[in-house]
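Colleague: Spelled out, the chains give:
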Amino acid sequence: MVKANTLNRNNKTKFKRQDLVGWLVMLPSLILFAFFVWEPLLESIRLSLYSAKGIRLQEFVGLENYIRLFRHPDFLAAFRNTFLYIFYSLIIGFMVPIVMAVLISETVHLKSFFRVGVYFPNIVPGMATIMMWSFFFRPGNTGVLNILLSKVGISPQVWLNNPKWTIPLIIITMTWKSAGSTSLIYMAGISRISSELYEAATIDGAGIWQRVRHIIVPSIFSLAKTLLILQIISVFQILYEPLVMTNGGPNNASISLMMLTYNYAFRDFNYPMGAALSVVICAILIVLSGIYTKLTKDKE
Amino acid sequence: MFFKSYSAKKDGAIRSFDLHSFRVKLLIICIVVICAIIAFVCLFPTVWVFLASFKDIREFRREVTIFPSKFDFSVFVKTWNDLKFIKYYINSLIMVVGCVICSVIFNGLIAYVLGILKPKGHQIVTGLVMWSLLIPSTTSIVALFVNVNRLGLSRSFIPIWLSYGANAFIVVLYKQYFERMPADLFEAAKLDGCNVLQVFLKILVPLSTPIISVATIFTITAAWSDFLFPFLILNGTGKETVMIAIFSFRTSNATDVEVLRAILFSIIPPTILFLIFQKQITDGAAAGALKE
Chain A
1 MVKANTLNRN
11 NKTKFKRQDL
21 VGWLVMLPSL
31 ILFAFFVWEP
41 LLESIRLSLY
51 SAKGIRLQEF
61 VGLENYIRLF
71 RHPDFLAAFR
81 NTFLYIFYSL
91 IIGFMVPIVM
101 AVLISETVHL
111 KSFFRVGVYF
121 PNIVPGMATI
131 MMWSFFFRPG
141 NTGVLNILLS
151 KVGISPQVWL
161 NNPKWTIPLI
171 IITMTWKSAG
181 STSLIYMAGI
191 SRISSELYEA
201 ATIDGAGIWQ
211 RVRHIIVPSI
221 FSLAKTLLIL
231 QIISVFQILY
241 EPLVMTNGGP
251 NNASISLMML
261 TYNYAFRDFN
271 YPMGAALSVV
281 ICAILIVLSG
291 IYTKLTKDKE
Chain B
1001 MFFKSYSAKK
1011 DGAIRSFDLH
1021 SFRVKLLIIC
1031 IVVICAIIAF
1041 VCLFPTVWVF
1051 LASFKDIREF
1061 RREVTIFPSK
1071 FDFSVFVKTW
1081 NDLKFIKYYI
1091 NSLIMVVGCV
1101 ICSVIFNGLI
1111 AYVLGILKPK
1121 GHQIVTGLVM
1131 WSLLIPSTTS
1141 IVALFVNVNR
1151 LGLSRSFIPI
1161 WLSYGANAFI
1171 VVLYKQYFER
1181 MPADLFEAAK
1191 LDGCNVLQVF
1201 LKILVPLSTP
1211 IISVATIFTI
1221 TAAWSDFLFP
1231 FLILNGTGKE
1241 TVMIAIFSFR
1251 TSNATDVEVL
1261 RAILFSIIPP
1271 TILFLIFQKQ
1281 ITDGAAAGAL
1291 KE
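Protein sequence lines correspond, in order, to chains A and B.
Residue 147 in our numbering is what sits at position 147 of the first sequence, and the numbering runs on without skipping anything.
Residue 1135 in our numbering is what sits at position 135 of the second sequence, and the numbering runs on without skipping anything.
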């Protein structure tokens, strides 16, 4: 360390040219990041303050787009639904990968098959997953789940057309796709636990369940906290599922904030309204991450 | 015997010394059965798509069975030709190749500068990149789309290719890998008269093949599955990718079984990739998140 520091100091006078070379090497990448990631965030704010015809801005209207946005009944529906999506994804989607990881970690036979098997849905393209599950949830006799139900003598269900079921069923689809990859992360966490811990616990008289409860659960707890916030952020942006499976219906029962953005910008071509909603989504996400960081800091 | 291999078990709460108890043996069998059920649930939907796409439309509508009455592969050839799927495959291929090239070059270069060259002020860029890891890209899609249109770049692959050159996740992946390399290596190359780009091409790239292949595999699957941005840019231009195609079949006059076969066509390439590189993919998926 000391050596590296003195080296740096000696070179400090000559460094100017090298610095410039470094910046030049990453200049193309910086331009791409600026164009695709950083600038659009600022542009969203600017767009949302104007009225526009197509992509051409007309005049500065201040916060008028935001007021129209909040007054529209769709916004309230989308806002409520997005939190319902998060609520159900925490109930259904959060525990599944943990349970899967704990169980698969206990196997010896077929372990690599189980790992590959549960990861497979993650390889299936999102659009294909959604369309596949649309066939499963199809009401009537040809729906796959209805076929399976008819074998045990239960009458056909309407699945996604029942507004009470729409969001939980969409969350099941999402969980099917993503639980495997999350559980691999937990499995890696579990495999890092030293076997001495288990042995020591056994000597102290801990049974298998107690070892899971007092060794495995605490050791993946911090991992679970990180993955929880990542899950909330990703569910918050849910778009493809309602767009393809239900088109936001029945009667706005599954419309999400991102889908409303899509409708404003790419169905109605009202880009300022779409941008205004993007800004609102971004702001909520920043608040959520802020709350999360504060909560985790208070505990420590 | 079945339980013998458990003495070599490394993970999890059940240890080899638990095995003398009958209840533990029963528990182990239960766990294997539950895991088998989980794997079945994960694989069944795709298998069903495969089986159901053998049916013709009448059989699909009337017969409530899982297995088709006959396995005739010529129906796939017919649908492939009827839906002109080769065109979508070629479009997807063009898109994926361009995305991989951009992803490897641009993310690699910025990671090289941030991880190894570290010019004055690089911390600002590192901070911005880490920050963009948290800000989801979909929230800025409206502004990005408007920007692309203003530049007149819509209806072409170029913006999609280039968008893969600004991937914070891959930058972090490369940077962590580069930072673990011995610094002497680069000093030695510099003394031998290599300039900055020669060091990148002759030292860094050959030594980074493992991480480059992981990043390449992830870019391929991501680009192949990408929908929203390509859809907005390419829909209606004749450059539709496979994902855009299956999305539009949903509302076209293609029959259910044709849609199913199209879904199957869209799953096959990533599945083949996964079967070949399953170890790199499953290891990489876990490693990416653990290293923070």
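Source of the hints: derived by calculation from the structure; they are not laboratory data.
You may find that some hints are simply not true.
No farther apart than 30 angstroms at their CA atoms in a straight line, the calculated lysine-lysine pairs in the DSS-like style are these [as the list claims (entries may be wrong)]: (1) B/1120 with B/1010; (2) B/1004 with B/1025; (3) A/225 with B/1010; (4) B/1190 with A/16; (5) B/1009 with B/1025; (6) B/1084 with B/1070; (7) B/1004 with A/16; (8) A/294 with A/225; (9) B/1087 with B/1070; (10) A/111 with B/1010; (11) B/1010 with B/1190; (12) B/1070 with A/151; (13) B/1004 with A/111; (14) B/1279 with A/225; (15) B/1190 with A/111; (16) B/1202 with B/1120; (17) B/1070 with A/111; (18) A/16 with B/1120; (19) A/111 with B/1009; (20) B/1004 with B/1279; (21) B/1190 with B/1118; (22) B/1202 with A/16; (23) B/1190 with B/1202; (24) B/1025 with B/1010; (25) A/164 with A/111; (26) B/1084 with A/225; (27) B/1202 with B/1009; (28) A/164 with A/151; (29) B/1009 with B/1118.
If the Cβ cut is set under 7 angstroms, some of the chain B residues that face chain A in the computed set are [unchecked claim]: (30) 1032; (31) 1042; (32) 1045; (33) 1047; (34) 1049; (35) 1120; (36) 1124; (37) 1144; (38) 1165; (39) 1217; (40) 1225.
Since the model is a prediction, treat every value here as computed from it, not as a measurement.
Glycine included, every Cβ here is placed at the ideal spot set by N, Cα and C.
Colleague: Take a quick look at whether residue 164 of chain A and residue 151 of chain A sit within 30 angstroms of each other, Cα to Cα.
Modeller: holds (25 angstroms)
Colleague: With a cut-off of 30 angstroms on the C-alpha distance, tell me whether residue 1087 of chain B and residue 1070 of chain B pass.
Modeller: Holds, at about 29 angstroms.
Colleague: Keeping to a limit of 30 angstroms between CA atoms, is the pair of residue 1009 of chain B and residue 1118 of chain B held or broken?
Modeller: violated (44 angstroms)
Colleague: Does residue 1042 of chain B pass the interface check with chain A, least Cβ-Cβ distance below 7 angstroms?
Modeller: Interface hint status for residue 1042 of chain B: holds (5 angstroms vs cutoff 7 angstroms).
Colleague: Hinted pair, alpha-carbon criterion (30 angstroms max): residue 1190 of chain B, residue 1118 of chain B. Please report holds or violated.
Modeller: The hint holds at about 15 angstroms.
Colleague: Verify the interface restraint on residue 1049 of chain B: the C-beta must sit less than 7 angstroms from at least one C-beta of chain A.
Modeller: holds (6 angstroms)
Colleague: Next pair to validate is residue 1009 of chain B with residue 1025 of chain B; report whether the Cα-Cα distance is within 30 angstroms.
Modeller: holds (14 angstroms)
Colleague: At a threshold of 7 angstroms, is the proposed contact between residue 1124 of chain B and chain A supported by beta-carbon distances?
Modeller: violated (11 angstroms)
Colleague: Would the hint linking residue 1084 of chain B and residue 225 of chain A be met if the CA-CA limit is 30 angstroms?
Modeller: violated (47 angstroms)
Colleague: Quick one, is the residue 1045 of chain B hint okay against chain A at 7 angstroms, beta carbons?
Modeller: holds (5 angstroms)
Colleague: Check whether the Cα positions of residue 1010 of chain B and residue 1190 of chain B lie no farther apart than 30 angstroms.
Modeller: violated (45 angstroms)
Colleague: Does the alpha-carbon distance linking residue 1279 of chain B and residue 225 of chain A stay inside the 30 angstroms limit?
Modeller: Holds, at about 27 angstroms.
Violated hints for the displayed structure, listed by number in ascending order: 1, 7, 11, 15, 17, 25, 26, 27, 29, 33, 36 and 39.
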